[in-house]
Amino acid sequence: MTAAVRAELARWPASLKVGSASFALIVLTGLFAPWLTAYDPYTQDLANFLQPPSWQHPFGTDQVGRDVFTRVLYGIRIDLQIGFLTTYVPMSYGLLLGALAGYLGGWFDTVLMRLLDVAVAFPFLVLIIVIIAILGPGVHTIYIAVFILAWTMYARLARSEMLVERGKDYVLAARTLGYPTSRVIFRHAMPNVINSSIVFSMADFVLNILLVSGLSFLGLGVEAPLPEWGAMIAEGRDFIFDAWWIATLPGLAIVLTGVSLSLIGDGLAHRLGQRQRSFL
Amino acid sequence: MTTTAPLLNVAGLCIEFRTGDAVVRANADVSFTLTAGRTLGVVGESGSGKSVLCRSLLGLIPSPPGFVTAGSVRFEGGELLGLDEAGLRRVRGTAIAMIFQNPMSGLNPVWPVGDQISEGLRVHRGLASRDARARAVALMQQVGIPSPEKRYDEYPHQWSGGMLQRAMIAMAMACEPRLLLADEPTTALDATIQDQILALLVELQERTGMAMILVSHDMAVIAETSDEVAVMYAGRIVELASTAAVFRAPRHPYTLGLLGSIPRNTGDTRLRPIPGQPPNLVELGPGCSFADRCVFTSAECRVTPAALRPVGPAHLSACLFPERMTAASA
Amino acid sequence: MMTTDRENALEIDGLVVEYGARRGLIDAALGRTARLVRAVDGVSLAVRRNETVGLVGESGCGKTTLGRAIMRILDPTAGSIRLGGVDLLGLRGGDLRAMRRRAQMVFQDPYSSLNPRMTVEQMLAEVLRFHRVFPDVEIRGRVAALLELVGLAPELAGRRPKTLSGGQRQRVGLARALALEPTFLVLDEPVAALDVSIQAQILNLLVDLRDRLGLAMLFIAHELSVVRHMSHRVAVMYLGRIVEVGTAEDVFERPAHPYTQSLVRAIPRLVPERRHRKPVLQGEVPSPLDIPTGCRFHTRCPKAQDRCTQVAPVEQALSASHQVECHFPDAS
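Residue numbers (the numbering used here), protein chains in the order written: chain R, 1 to 280; chain D, 1 to 330; chain W, 1 to 332.
Note that these hints are calculated values from the structure, not bench results.
Any given hint might turn out to be false.
To be verified - Mimicking EDC-like on lysine to aspartate or glutamate, the simulated pairs with C-alpha atoms at most 16 Å apart in a straight line are:
no.: 1; chain 1: R; residue 1: Lys168; chain 2: W; residue 2: Glu189
no.: 2; chain 1: W; residue 1: Lys278; chain 2: D; residue 2: Glu203
no.: 3; chain 1: W; residue 1: Lys303; chain 2: W; residue 2: Asp330
no.: 4; chain 1: W; residue 1: Lys278; chain 2: D; residue 2: Asp21
no.: 5; chain 1: D; residue 1: Lys150; chain 2: D; residue 2: Asp115
no.: 6; chain 1: W; residue 1: Lys162; chain 2: W; residue 2: Asp211
no.: 7; chain 1: R; residue 1: Lys17; chain 2: R; residue 2: Asp266
no.: 8; chain 1: W; residue 1: Lys162; chain 2: W; residue 2: Asp109
no.: 9; chain 1: R; residue 1: Lys168; chain 2: W; residue 2: Asp109
Excised from the complex, chain R in its bound form (with noise of 0.2 Å):
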């Protein structure tokens, strides 16, 4: 470890090391997901339906024999990569739309505001359930959905962050040295835009795998055989008197990575200085 690393990590308050490391974890579990687990997520075991937590199935097992714990691990993979796209893909160009906005002004501005406001006053189930009729249902259905509306927060945050940056003198200095306008924005202003959207980012993570799971658990998201924690919440709901394990342990891994997120959501506010306070 060199001694800048080092430096970094005693600078980290105690919830951003708790929820990175937690979060870590999570992310190398279902990474090596295969080797930590004897069963296939899809292998269906008929003999072997809705089997009580034991050694042989830590998780227990589903109605159709199915290794919960594998399943649950095997989610994480899916989970984490919807909670990545539909945060961070409408994160890339809400920032730099908002930035842009903020920026340039003008009719930019005007017609990007005016968009925002009809897609924030945009009922979000009634778009996806327009979609769906159109397309049908599944992951894709919910990536267009969402990529249509979730951009709009952070082109807002960005937009106001941008107005303030714009006047500062240290904009103006890069304006004055001959710095074209794409420079002045990108290299100069737009990294000190950023933070308050990377701290939101994580709050909005976990809605969206919420979301996602809710979308799921309503039929309107992943389809059947995925092992989505949301879907496999709404299969084991049927059981839920007779086999808790099924849709309570998926639960479980949701509130862990939620938890996990907005821990490190927290750590950053106070690293990247969102809420430092000075007294004098």
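Following the hints, put chains D and W in place on chain R, whose structure we already have.
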């Protein structure tokens, strides 16, 4: 100086700010007295402790991180340090009032300016709203706010900085305080407005006989408005004397350095700035805090504590070797 | 003032800068025109080579706007700005970038004028690399030379602004402005945010650099003693116009415009005599949205006559170096 009992007597005041492991000595052994009707100018650069001093007199230092570790502040014979909130409230606004540097943030944006001026009269004097309003309008008139009846119901954002500072002064004067603390009252204002506000403060003082502590970084403002001057550096008063003495015959090298830093248009294109940077208040050594930047410094300066002591009639300096200055100028 | 070199470094002629108060969609649909604020209203000014011209005035007088218009951070509505004989307002793209090398700016607030994410070295190297002034191998050495030029220790190269003091930051801002070896500097309140003792260090540095590099400067400040110390000539602005211009001596010793007179008398002096005084000027600067008719100073002027409320005064010369825009100037 007369022999009348002082209005305010500050003795050995020490204030620390503690954050984590760091202890910042914001005020160290600050002592002075102030008589009714007189003005003490407190001058120093940022971080010298002048604002902390001013705020501590009204118990406005947030604690933690700020702690008064020693000293006493006696006002009209009574001790102010250690008073509880209720006791402080009886003093604040009535006996001692304060005006701040930034009048924009000193007024609440959601209430009419006039109501904020009359509030003190309603709270401290128990005046009925109608009487408080009449008195507030009279006060606004006194501090030079034109057509006060009409402007009573306007909101702070409708006023200019100079007008807001007048409103702050009216608020401070509402209960006829015996001591007015003015913390950089004109720093945020333009030259002609600064001139108006200073003239107003002097006029109000003459009329009411109140004492004033005027904190400023601007030597010229201090020179024109103060009877005595306290020069602060790194939390200490390093020189304390009559205004004439401090400006005509300074007895501390820091004061001399400050005066040399100001352009005087003598035709000389070179200023004589103080070299180096103000010290880090966390890492002060045992000796004189100014030793590293002082042109008269010697090895003893870095190890011997430099306390404020008489160097002439009614002239105090914290310099260990003030004679070196006179020798150099002779 | 006599100069052997007659060529002007900067010539501003009839400059107008307007800000539009933003129009809403509804206003636009109804065809309402935006309300314009004339921050700079017909300013002409020249700065000669090796000369420092001070620009003074109270907040809202347009002095910062004028500085920014020269740097093309703001686009003027009318008039011309010529730098070394080249009209800046016609320049675009590469030509504008080339001009940037000849005119640079130092900002007031050393805490916001440096990018908090970049080290001192990155900031200076970026300027040099971007403008390809030097081959890449020489950049490191050039950065070190710049730091030395402004009196900064080479160890500070790797630091970020947060860990520097106000005076050090202002030196970095100055090094950045000098990196391209400009011939003209706009200094917008360069010492207003600094403590007195540090302020004097920076003023001395500016004088040194000016003499050593032969820089022409526009020195914008509200503090008159600093302006007088730094400037050969001084222009006084009020509500968007230059009301008086002359040598520092003309303006400070023989002010002819009532506004300049008030400004000069309002400066607190370092004389330890309590001034029992009347304020020199009543009232406040009117809003630039609502500029008075006639002479724009008549609402506060102690000498105002009927004519002042109706007819705008034109510039008249009191001497070769001293011009004033007033119907009744003091010609003493």
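Each hint, compared with the structure:
1. R/Lys168 <-> W/Glu189: Given pair R/Lys168, W/Glu189 holds - Cα atoms ~15 Å apart, limit 16 Å.
2. W/Lys278 <-> D/Glu203: Holds, because 9 Å separates the two Cα atoms, which is no more than 16 Å.
3. W/Lys303 <-> W/Asp330: Since the Cα atoms of W/Lys303 and W/Asp330 sit roughly 11 Å apart, the hinted pair holds (cutoff 16 Å).
4. W/Lys278 <-> D/Asp21: violated (51 Å)
5. D/Lys150 <-> D/Asp115: holds (13 Å)
6. W/Lys162 <-> W/Asp211: Roughly 31 Å separates the two Cα atoms, so the pair is violated.
7. R/Lys17 <-> R/Asp266: Judged against 16 Å, a Cα distance of about 11 Å means the pair holds.
8. W/Lys162 <-> W/Asp109: Given pair W/Lys162, W/Asp109 holds - Cα atoms ~13 Å apart, limit 16 Å.
9. R/Lys168 <-> W/Asp109: Holds, because 9 Å separates the two Cα atoms, which is no more than 16 Å.
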